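Use these hints to put chain B with the ligands onto chain A, whose structure you have.
Protein chains in written order, with the working numbering: chain A, 40 to 517; chain B, 40 to 517.
Please note that the accuracy of each hint is not assured.
Identical chains share a label here; the pair holds if one copy fits it or two copies do between them.
Derived lysine-lysine pairs resembling PhoX-like cross-links, with alpha carbons at most 20 Å apart [unchecked claim]:
1. 104 with 409
2. 308 with 160
3. 299 with 419
4. 104 with 404
5. 303 with 415
6. 516 with 409
7. 104 with 298
8. 419 with 104
Calculated directly from the structure, the hints in this document are not laboratory data.
Bear in mind that the values here come from a model prediction, so they are computed numbers and not experimental data.
The primary structure of each chain is shown beneath.
Protein chains: 2
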Amino acid sequence: MRFGIVFSVMGLLLRFLGPMMLVPLGVALYYGESPFPFAVAFSVTTIVGSALSFRYSSDDREWEKREGFAIVAFGWFAAALFGSIPYMFDGVTPLNALFESMSGFTTTGATVFVDIETHSKSLLFWRSMTQWLGGMGIIMLFIAILPKLGVAGRQMFRAEAPGPKEDQLRPRIQETAKILWTVYVSISVVELLLLLSAGMSFYDACTHTFTTMACGGFSPYADSVAAFDSPLIEGIITLFMFIAGANFALHYKTLYSDKKSLLKDNEFKFYFLIVGLATILLTLVLWRDTPDSIPTSFRYAIFQVISILTTTGYATTDFNLWTDSGKVVLLAMMFIGGCAGSTAGGIKVVRLLILLKYARNELFKAIHPKAVRPIKFNGKSVPNDIMHAIISFVVIYFLIFLISSAVLSIFGMDLTSSVTASIATLGNIGPGFNVVGPMANFSTVPAIGKIVLIANMWIGRLEVFTVIVMLTPEFWKR
Amino acid sequence: MRFGIVFSVMGLLLRFLGPMMLVPLGVALYYGESPFPFAVAFSVTTIVGSALSFRYSSDDREWEKREGFAIVAFGWFAAALFGSIPYMFDGVTPLNALFESMSGFTTTGATVFVDIETHSKSLLFWRSMTQWLGGMGIIMLFIAILPKLGVAGRQMFRAEAPGPKEDQLRPRIQETAKILWTVYVSISVVELLLLLSAGMSFYDACTHTFTTMACGGFSPYADSVAAFDSPLIEGIITLFMFIAGANFALHYKTLYSDKKSLLKDNEFKFYFLIVGLATILLTLVLWRDTPDSIPTSFRYAIFQVISILTTTGYATTDFNLWTDSGKVVLLAMMFIGGCAGSTAGGIKVVRLLILLKYARNELFKAIHPKAVRPIKFNGKSVPNDIMHAIISFVVIYFLIFLISSAVLSIFGMDLTSSVTASIATLGNIGPGFNVVGPMANFSTVPAIGKIVLIANMWIGRLEVFTVIVMLTPEFWKR
Ligand SMILES: [K+]
Ligand SMILES: [K+]
Chain A
40 MRFGIVFSVM
50 GLLLRFLGPM
60 MLVPLGVALY
70 YGESPFPFAV
80 AFSVTTIVGS
90 ALSFRYSSDD
100 REWEKREGFA
110 IVAFGWFAAA
120 LFGSIPYMFD
130 GVTPLNALFE
140 SMSGFTTTGA
150 TVFVDIETHS
160 KSLLFWRSMT
170 QWLGGMGIIM
180 LFIAILPKLG
190 VAGRQMFRAE
200 APGPKEDQLR
210 PRIQETAKIL
220 WTVYVSISVV
230 ELLLLLSAGM
240 SFYDACTHTF
250 TTMACGGFSP
260 YADSVAAFDS
270 PLIEGIITLF
280 MFIAGANFAL
290 HYKTLYSDKK
300 SLLKDNEFKF
310 YFLIVGLATI
320 LLTLVLWRDT
330 PDSIPTSFRY
340 AIFQVISILT
350 TTGYATTDFN
360 LWTDSGKVVL
370 LAMMFIGGCA
380 GSTAGGIKVV
390 RLLILLKYAR
400 NELFKAIHPK
410 AVRPIKFNGK
420 SVPNDIMHAI
430 ISFVVIYFLI
440 FLISSAVLSI
450 FGMDLTSSVT
460 ASIATLGNIG
470 PGFNVVGPMA
480 NFSTVPAIGK
490 IVLIANMWIG
500 RLEVFTVIVM
510 LTPEFWKR
Chain B
40 MRFGIVFSVM
50 GLLLRFLGPM
60 MLVPLGVALY
70 YGESPFPFAV
80 AFSVTTIVGS
90 ALSFRYSSDD
100 REWEKREGFA
110 IVAFGWFAAA
120 LFGSIPYMFD
130 GVTPLNALFE
140 SMSGFTTTGA
150 TVFVDIETHS
160 KSLLFWRSMT
170 QWLGGMGIIM
180 LFIAILPKLG
190 VAGRQMFRAE
200 APGPKEDQLR
210 PRIQETAKIL
220 WTVYVSISVV
230 ELLLLLSAGM
240 SFYDACTHTF
250 TTMACGGFSP
260 YADSVAAFDS
270 PLIEGIITLF
280 MFIAGANFAL
290 HYKTLYSDKK
300 SLLKDNEFKF
310 YFLIVGLATI
320 LLTLVLWRDT
330 PDSIPTSFRY
340 AIFQVISILT
350 TTGYATTDFN
360 LWTDSGKVVL
370 LAMMFIGGCA
380 GSTAGGIKVV
390 RLLILLKYAR
400 NELFKAIHPK
410 AVRPIKFNGK
420 SVPNDIMHAI
430 ISFVVIYFLI
440 FLISSAVLSI
450 FGMDLTSSVT
460 ASIATLGNIG
470 PGFNVVGPMA
480 NFSTVPAIGK
490 IVLIANMWIG
500 RLEVFTVIVM
510 LTPEFWKR
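Chain A extracted, bound-state conformation:
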């Protein structure tokens, strides 16, 4: 491990993050709140970033895989750490500030705020904005960086990406980033305008656009999107959660070259199918189990299915009060997640789809052991190493989920809360059930539990491998 390279890139990252803090500083000035927290955070972040850049030369930029992992993992952690500074000026303890900040940059949306509305508007703006920045980072990570690191099946759709080919990453990486960010920013602007025209204030429209596009789910209101009680606003947010949960490389292609790119994609089709079936099922269950009519049940069902499947985590109703029949539909969504190349977290639709095809294939092979039948995705055979990457991802994902659930339980949380808090953080969803339900918060989790959940968010957002390789001695060898 050559730490020089890692620190050099982290310096770059912090020098980018620092100036971003001037935005909430402006918001603070506008609302007559103290700009001091953001001034401090801006200064500290920029100074540390510059110091790192000054101390570590960026001459030697040929990353090995290990350095790549370290940059991604430590980079995200550093963003969360420096991004937590403003919280601490608002009476938030350091652990809670780190939790909230990690929840922001990982686009998780789990909150330790007990009474959200008591915090300053500028802080809540920053909190939403960290998710938007995190979403930007994750698109970049997924489409430009991880394929280079060979992590967990991202190669699957590298061919789809407008950007880097294996042999020409360096010159193209900035170009790819620009293209994808243009798409991300453009769709964000469209959502912002639609929310404004639906009657939202500029502040609300900004914060909700930030957290929709990032599949983040933070809201400046304790009641989340239910605070507006507007079918129109819910409709707009539902549509943009669905878009944000799909592959941004495909959005680019759809917009600029082939209009049918999304419809041709196996993952998108399966994503659409899951949304459809789950919505129908949940509508029927809510209609049966609550006094609501079919249209009202449908309104809650489609919003909640898409919110949880895309790992956004907004709520228009306290689904913790539903019967277990309704909850189980959402629970299933929690274990799926959005599409690869989106801002959504979770296991991802493509992995589930390929695992199902794999299992189907093995059943066939049980009867015809000598027959050769490759697993196809988007018309191409899935190579063996990608198959292995997907499988080991799922194995390690579940292992972390189980260990995390067990630790939380052992330290006194009830089972449902432990299990859903674990998957809600590992899948970057946000709310779970019971004490971590959508109208509740994570403030009652014991300190050790919060540390576990912070780790979950970090591990889950970075596609598991990027962080978990640190547990191997090979990672640390010189």
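For chain B with the ligands alone, coordinates are given in the frame of chain A:
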């Protein structure tokens, strides 16, 4: 699919099962109960078996894989079906009778009996005895039949088995069966004698030996093993559950050739480690969360850990009343199960161990993509096809578990009960939590749920593939 072969072997099976029913008939006569139910069951089973044998010649005995699967799956189902006849004479509905009988032959131990002690002693004897027969079947299946069918990693320890080599199954299959059954019967006799000398009645000693050795868990008492409240009896049963949950081929080797066979085996070592760690953890949790002392906590912990890990399902305390911290330890055990080649169900220790090694290997490969590092088990590399068989097993296992949990939830069961009822039947454990807890029963499950759970027991006991291949069109092709 050539059904002639299938029916021919099923005829053989029923002609073996019929006379077994004369044993509970004898018990009925001894206790002055009506022998009529068993006389009818014996007659029907024997007549149907003979008719099948008469109608379908056994000349053409060269099974293809498909016929092998069909024989195992339908054979077990037929045993459960004909074995359910005596229950129906005791006022049990046909669905409940099939549930109880399937629970017996699959050594699950889940019961729909509301008030166990109201049933006749002969019926409860038969109920326990079906588990012992099921255990006998499962050892045979695992060590002699499944390797031939190439199912799910059983090849792993074929080398260990005293019996069949790939090219000489036919002549050796009977020999292998004899050897293993001798071991099974011998260990059973030792347990019987120990239980008698610990003060149990002959009836109790028989029924509990039957259900210990099969990792079955049926007890003629509603309070299960807690009914005796004897540390000595618990100790004996704990020891024999532990033995029954280990590989019988290794028991054979340990007894007749190499005394250290068990201690050299990677799976057994890991099994021992899991028991040790889980017992320590659970002891500490019980000591913290209940008024019990450390020794009492240990007594409950070791019994319950081994009972659930080996998928026996006996209870010496109502663990449904424990805090969630204690329950989560047992829940983890439910997802592991015993060793391959034992009478235990579940995913099995060997699969977990190899999956963990696999994940560890993939982490290594993430850093050194070109390095070749095979996965070792008992000193040998695990071949690719076995790796695939293990992975697809676990994928399909979890899929069935999730679908089953969802169906039960949708039909109105609470989430904890749905989830634990699913794993308790799929893993052939028996009791779960809440409404299906150890001191409760499955009588309140709605009919559709019972059908799902019957399927779970059947699928889980036959190592998933054997039953699930039936869902593929290839299975049914001529
Ligand atoms: K989220
Ligand atoms: K059992």
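Hints versus structure:
no., hint, result
1, 104 with 409, "between (37 Å within a copy, 12 Å between copies)"
2, 308 with 160, "neither (40 Å within a copy, 58 Å between copies)"
3, 299 with 419, "within (18 Å within a copy, 50 Å between copies)"
4, 104 with 404, "between (36 Å within a copy, 11 Å between copies)"
5, 303 with 415, "within (14 Å within a copy, 42 Å between copies)"
6, 516 with 409, "between (43 Å within a copy, 17 Å between copies)"
7, 104 with 298, "neither (36 Å within a copy, 48 Å between copies)"
8, 419 with 104, "neither (27 Å within a copy, 30 Å between copies)"
Checked against the numbered hints above, the structure breaks hints 2, 7, 8 and satisfies the rest.
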